[in-house]
Amino acid sequence: DAMVIQNPRYQVTQFGKPVTLSCSQTLNHNVMYWYQQKSSQAPKLLFHYYDKDFNNEADTPDNFQSRRPNTSFCFLDIRSPGLGDAAMYLCATSRPSSGGNNEQFFGPGTRLTVL
Amino acid sequence: AQTVTQSQPEMSVQEAETVTLSCTYDTSESNYYLFWYKQPPSRQMILVIRQEAYKQQNATENRFSVNFQKAAKSFSLKISDSQLGDTAMYFCAFPSRATSGTYKYIFGTGTRLKVLA
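Chains as they are written, first to last, in our numbering: chain B, 36 to 150; chain L, 846 to 962.
Keep in mind the hints are simulated off the structure, nothing from the lab. None of these values were measured; they are calculated from a predicted model. Each residue gets a CB set at the ideal place from its N, CA and C atoms; glycine is no exception. All the given hints hold, so there is nothing to weed out.
Pairwise CB distance ranges (calculated): (1) B:G134 with L:L961: 37 to 43 Å; (2) B:P53 with L:S873: 38 to 44 Å; (3) L:S852 with B:F110: 35 to 41 Å; (4) L:R957 with B:R130: 28 to 34 Å.
Covered, in the sense of this in silico footprint (three residues per stretch, anywhere, with C-beta under 8 Å from a C-beta of chain L), are these stretches of chain B: (5) 72-82; (6) 85-93; (7) 134-145.
Please model the complete structure; the sequences and the hints are all you need to start from.
Right under this line is the structure:
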């Protein structure tokens with residue numbers, strides 16, 4: 036089945052130790068999104084890629100970086116995780132949308148714990 | 846700026862009963878889409894239903910239907926014959942045009958729905 040896969044599902048890191056989360060998709064979608072979701076809150080968009088075009092949200096901290104080496108894969112790098120970065124990180128994909136009609140397909144998320 | 850508001854942080858409903866989750870939004874656009882997403886505990890978020898603003902007919906997907914009131918900017922989700930598997934967080938989402946040329950979601954704060962046996 037076509038899907039969005041996130042690895043690992045659970046990640047534990049130490050304060051200040053860089054960590055990389057990965058996302059892959061078999062849907063061949065042009066657009067990939069990274070969200071941060073804290074407990075019982077709405078997902079917060081960090082950035083998205085439209086093909087190789089990187090689009091950062093204005094309030095995304097510099098601590099968060101991303102790479103998209105090809106259509107299928109996208110990585111989220113947290114350079115120096117703080118306690119406040121502990122959250123669920125969601126990856127989503129979609130086809131480009133001319134009118135906003137396309138749904139986003141979400142992965143299961145990676146839960147990040149910072150010790 | 847576009848905003849999405851869900852005023853019910855938590856709701857509960859008895860199995861087999863009907864429940865309505867509310868969502869209001871603000872936009873100056875004339876044509877747009879609206880979405881409801883479901884996020885079950887420890888599972889991935891999935892699309893429940895979508896509505897195009899130009900369509901007067903309310904969208905329906907099996908037990909899920911919407912009450913779309915364009916003038917009032919209201920987009921509520923009705924779940925009929927509630928099942929235990931409907932227990933989840935429900936998010937209302939409004940696609941906002943990004944500078945990249947595609948769209949990104951503005952999510953509401955969510956409603957946690959618990960279906961009681």
